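Undergrad: Sequence:
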Amino acid sequence: TVRVHSSDFILTEWYAAPELVSAVQEIKMRQPGPEGPKPTAQPAVTLTKRCDMWSLGCVCMEVATGRRVYAELSEDASRWRDRCYEDVRPEVPESGLSGQPLDHWLLALLVSLLDVEPTGRP
Numbered sequence: 111t112v113r114v115h116s117s118d119f120i121l122t123e124w125y126a127a128p129e130l131v132s133a134v135q136e137i138k139m140r141q142p143g144p145e146g147p148k149p150t151a152q153p154a155v156t157l158t159k160r161c162d163m164w165s166l167g168c169v170c171m172e173v174a175t176g177r178r179v180y181a182e183l184s185e186d187a188s189r190w191r192d193r194c195y196e197d198v199r200p201e202v203p204e205s206g207l208s209g210q211p212l213d214h215w216l217l218a219l220l221v222s223l224l225d226v227e228p229t230g231r232p
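What the sequence shown shows, in our numbering, is residues 111 to 232, in sequence order.
Treat the hints as calculated values from the structure; they're not laboratory data. Treat the numbers as computed from the prediction; the structure is a model and nothing was measured. Each residue gets a CB set at the ideal place from its N, CA and C atoms; glycine is no exception. One thing to keep in mind: the hints can contain errors.
To be verified - Label-pair distances were calculated between CB atoms; the ranges are:
| # | residue 1 | residue 2 | range |
| --- | --- | --- | --- |
| 1 | Thr156 | Leu207 | 27 to 37 Å |
| 2 | Lys159 | Gly209 | 30 to 40 Å |
| 3 | Thr229 | Gly209 | 32 to 42 Å |
| 4 | Thr229 | Glu201 | 32 to 42 Å |
| 5 | Thr156 | Ser208 | 15 to 25 Å |
| 6 | Asp197 | Lys159 | 31 to 41 Å |
Produce the complete structure using the sequences and hints provided.
TA: Next comes the structure, spelled out in C-alpha cells:
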C-alpha cells in the first residue's frame, strides 16, 4: 500500500488488507456512471500498520507455502473481494513448499498476521 496524497492510496488487491479492499470498492461504486455522478463522500478508512501486517502475512505465506492467500479462488478477484466482505479467514496450509509441516511458530505467526479483523493483527 502506498499513500500518494493524504486521502489517496494505491494497492495490489491480492496483498491488500480486507478493510482496504472494501474501502476501494465503496469508492469505485461512487464514481460517475452512465446515469450521472454519484455522491463523492469517501468511506472512512485509516491506513495503519495493521494493514501492512496483513500484507506481510500474504508475502510470508507465499514464501513459506508457495500459495497465495485465498489461492483456492484462482485468479477471480471478484470472488476474493467477496471473501473480504464476508470476513472469511484465509486457509493457512500446514505444510510448506517441500511438503514438510510448517513450524508451529510460523503457523501461529501466519494466523495472527492474516486475521481478517484488524484489531487481531500485531
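Undergrad: Each hint: holds or not?
TA: Results of checking the hints against the structure:
Restraint check, threonine 156 to leucine 207: a C-beta distance of roughly 35 Å satisfies the suggested window 27 to 37 Å. Taking 30 to 40 Å as the suggested C-beta distance range, the pair lysine 159 and glycine 209 conforms, at roughly 34 Å. Taking 32 to 42 Å as the suggested C-beta distance range, the pair threonine 229 and glycine 209 conforms, at roughly 35 Å. For threonine 229 and glutamate 201, the hinted distance range of 32 to 42 Å is not satisfied, since their beta carbons lie about 21 Å from each other.
Restraint check, threonine 156 to serine 208: a C-beta distance of roughly 39 Å breaks the suggested window 15 to 25 Å. Take aspartate 197 and lysine 159: their Cβ atoms lie about 20 Å apart, and the range 31 to 41 Å is violated.
Comparing the model with each earlier hint shows violations of hints 4, 5, 6; every other hint is respected.
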